[in-house]
Amino acid sequence: AAQAQHGAAPPPLACRAVHSAVARMGSSVVAEPLDLVRLSLDERILIKLRGDRDLRGRLHAYDQHLNMVLGEVEETVTTVEMDEETYEEIIKTSKRQIDMLFVRGDGVILISPPLRTS
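Residue numbers (our numbering): 14 to 131.
Please note: incorrect hints may appear among the correct ones.
Stated by the list, open to error - Within a straight-line C-alpha distance of at most 20 Å, the following computed DMTMM-like cross-link-like pairs (lysine to aspartate or glutamate) qualify:
hint	residue 1	residue 2
1	Lys108	Glu88
2	Lys61	Glu85
3	Lys105	Glu94
4	Lys108	Glu85
5	Lys108	Glu94
6	Lys61	Asp112
7	Lys105	Asp65
Unchecked claim - Label-pair ranges, simulated between beta-carbon atoms:
hint	residue 1	residue 2	range
8	Glu45	Pro127	14 to 22 Å
9	Glu45	Leu128	20 to 28 Å
10	Glu97	Asp76	40 to 48 Å
11	Tyr100	Asp76	40 to 48 Å
12	Met95	Val42	47 to 55 Å
13	Arg69	Glu98	17 to 25 Å
Simulated from the structure, these hints should not be mistaken for laboratory data.
Just so it is clear, CB atoms sit at the ideal spot from N, CA and C, and this is done for glycine as well.
Could you build all of it, start to finish, from the sequences and the hints given here?
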């Protein structure tokens, strides 16, 4: 009740940690998560998707649903199979190159922006 009288509650600890980490990125303004995506335009990024798929490519466009257009894409698909004789898991990866790709945002699990050094 005391916070209601004196204004909004402070952001949760996790939000403060993100804000302080992002503040160290430099002079680029990051006020919300999509700003980090905006700063990655025309940069090579890593996207993890449902179904054990990873994409690395150049971010050309995105929207608020995390639909994205990527260029120069390398897709890596990881599959796990069971050897029927030894019952051991066999992990296989396959890769392919794609010139241009539309990624639907509801399959996105993680977006990793490019590594920035100061």
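Quick rundown of the hints versus the structure:
no., hint, verdict
1, Lys108 to Glu88, "holds, 5 Å"
2, Lys61 to Glu85, "holds, 16 Å"
3, Lys105 to Glu94, "holds, 8 Å"
4, Lys108 to Glu85, "holds, 13 Å"
5, Lys108 to Glu94, "holds, 17 Å"
6, Lys61 to Asp112, "holds, 18 Å"
7, Lys105 to Asp65, "holds, 11 Å"
8, Glu45 to Pro127: 14 to 22 Å, "holds, 19 Å"
9, Glu45 to Leu128: 20 to 28 Å, "holds, 21 Å"
10, Glu97 to Asp76: 40 to 48 Å, "holds, 45 Å"
11, Tyr100 to Asp76: 40 to 48 Å, "holds, 45 Å"
12, Met95 to Val42: 47 to 55 Å, "holds, 50 Å"
13, Arg69 to Glu98: 17 to 25 Å, "violated, 35 Å"
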